[in-house]
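4 protein chains.
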Amino acid sequence: MARHIYACPMRWSDMDAFGHVNNVVFLRYLEEARIDFMFTQAAAAGAGEFAGGSVVARHEIDYKLPLVHRPTPVTIETWVTKIGGASLTVCYEVKDTAEDGTETVYVRASTVVVPYDLKAARPRRISPVEREFLGRFMDDEAVPAAA
Amino acid sequence: MARHIYACPMRWSDMDAFGHVNNVVFLRYLEEARIDFMFTQAAAAGAGEFAGGSVVARHEIDYKLPLVHRPTPVTIETWVTKIGGASLTVCYEVKDTAEDGTETVYVRASTVVVPYDLKAARPRRISPVEREFLGRFMDDEAVPAAA
Amino acid sequence: MARHIYACPMRWSDMDAFGHVNNVVFLRYLEEARIDFMFTQAAAAGAGEFAGGSVVARHEIDYKLPLVHRPTPVTIETWVTKIGGASLTVCYEVKDTAEDGTETVYVRASTVVVPYDLKAARPRRISPVEREFLGRFMDDEAVPAAA
Amino acid sequence: MARHIYACPMRWSDMDAFGHVNNVVFLRYLEEARIDFMFTQAAAAGAGEFAGGSVVARHEIDYKLPLVHRPTPVTIETWVTKIGGASLTVCYEVKDTAEDGTETVYVRASTVVVPYDLKAARPRRISPVEREFLGRFMDDEAVPAAA
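Protein chains in written order, with the working numbering: chain A, 1 to 147; chain B, 148 to 294; chain C, 295 to 441; chain D, 442 to 588.
Don't read these hints as lab results, they were simulated from the structure. Heads up, the beta-carbon is just placed ideally off N, CA and C, and yes, glycines get one too. You can take every hint at face value.
If you anchor each label on the Cβ, the simulated ranges turn out as follows: (1) D:A583 with A:G48: 42 to 52 angstroms; (2) A:T81 with C:G342: 42 to 52 angstroms; (3) D:G525 with A:G101: 47 to 57 angstroms; (4) D:L506 with C:P367: 28 to 38 angstroms; (5) B:G232 with A:A2: 34 to 44 angstroms; (6) A:A2 with D:T545: 30 to 40 angstroms; (7) C:E393 with D:T543: 55 to 65 angstroms; (8) A:I83 with B:D247: 40 to 50 angstroms; (9) A:R136 with C:I377: 56 to 66 angstroms; (10) B:G195 with A:R136: 44 to 54 angstroms; (11) A:D100 with D:A448: 27 to 37 angstroms.
Calculated from the model, a selection of chain D residues having no Cβ within reach of chain B, i.e. all distances over 10 angstroms: (12) I446; (13) A448; (14) C449; (15) A486; (16) G493; (17) V496; (18) A527; (19) E534; (20) G542; (21) T545; (22) P556; (23) A561; (24) P564.
Take the sequences, apply the hints, and build the full model.
Right, dumping it as C-alpha cells:
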C-alpha cells in the first residue's frame, strides 16, 4: 500500500497570463513524477527497462484548485491501480499537506502507460521484475472517477 | 453539425528525446484550438466573454499514433458534446486527411470548460449568445470513450 | 541582399504571468525561423545537411519592446552576417510592419551556428552548396551591437 | 566576492530530439537562478521590489558543452558585474563540480536587467537597499567575452 512521493520543483514560467500554473503544465509535473517513479526508482529496484521505452496511451486529469508558483516544491503522490499484460495504470494526487495533516489537493489524474520495445518498435509485455516492483505501489483507490 | 477546424502550427521543439511530439504538447495543441474556437471565433460571433475567463476542469486524452514534426500544420477538429448551465464539454480529433479522404488520427480528446468571472472570482453561467454560438458546433459523437 | 522572411505563429501560452511574451520564448521563435531557413529552405535549395546536425554556439539578444499574444503571426527577418570555415552567424529582427511601412521592432538578435556531423560527433566545415545558399542572404548589417 | 549558488532541477522534457538539453531551455534555467537570486534571496535581505517588476533587456549566452538530463540538479553560479542607475548586469555559469574540484562548464551567460515599476509602467532606479544587496555579489569577472 506504499505510495511513491515526489517533491516536484516548480518554475516561475509554469504560470500563464492568468497568474496560475497552466493546466497543461500539470501534465508536465505528472511526467516528472512518473519518470522519477518508473525510470529512477524502478531502475534502483532492478527494473530498468521502462526508461528504455514507455508510451503514454491515455490521460485523465481533474483540476480541483488553482496553484500559484512558490519556491518550495509541490508534492505528487503516485500509485498503481492496474497491472495488465502489456499496460499499467498509475494514479496521482498533486497536493500540499499542512503540518496538522490537512490536505489541499490541486489535481487528481491517471495515466495508462504501455511499455515499449524501441528496437522492435512495438509494445512489449511487463516483465516479472517490473510486476513485482509495481505491485508494491498497488492500491485500489482509482482517481479520477468520471463525473 | 459544423465542426471547428484549426490548422495547428507545430514547433520543432514539440518533439522530445524520443523524436516524437511529446504527449504533454498535444494538450498545448488542444489549448490553441480551443482558444481559436472560444476566444477568436466566439468573439467574432458576438460571444467575447470566454476570453475574459475560462477554467479547464477536466481533460481526457487518448493517444492513437505518434506524430513527428514537419513544416505543415496538423488539423484539429473541435466540436461541442454538452452545454450545461455553467460548463461545456468540447471534443477534438488531431489528424491529417489525405487527398483521397483517408484520415490518420493521432489523438482524440475531450475537455470540460467552466466559464469564469475573474472580477467576481467565481464560475458563471453560460449566456444565451454563448449558448447559440456553441450550439452551432453541437454533435453527439463523444470522444474518447473510456476503455 | 535578400532576407529570409518567416511568419512566426504565436501561442497563447507564450505569455508569462506579466501578460507579455516571455523573454525566453523569443529564443524559441528564433529557433523556428532558423529551422525554416536552415532546414526547410536550405534543403529546398539543395543544401539539406544542416537539418542533420547543427549546434548553437552563442546567442545575443536585445529586447526592444514588449509583445502580447494575438492570433496573427509576428514577422521574423533573418539574414547572414558571417560565413566562416566551420561556423556561420545569422541575425534576426522580430517585428511588425504597418501598411505605411512603419516598423515596430520587438527583438534584435544574432546566433552563431556550428554545422555538426552527428555520426562523427564533431563540427564539420560548411560545404560549397551551403556557402552558396547562405551567400544569397549575406548582409553587412549586424545586430545587435554590444552596448 | 560571494556568488549566488542555485541547484537547478532539470526536467526530462528539457531535452530536444537530439537528446540534449535544448539551447533555449538554458535561458529558462538562468531565469530560475535569477528569480531565486533577485526575488527570493533579495526579498529575504529586505530588497523585495525586484519581484514586483523586472524586465530583461539583453542576454548573451555561450554554449560550451552539451548537457544530458539526469535526476540531480545542475549548479548555476550567479554574480553581479555592473550596477548602474537603473539597470544591472548579472553573469552566470551553469556547471558541475567534481569532488576533486574539477569544473565542467556547460554555459556562460550574462543578462542586463531593468527594474520596472509596473504601476507607473516605466523603468525605475535601483534603491539603496537593492544596491547594498547586489553589492555583496559584485565581481569583476565578466562572462561571456564576445569572441
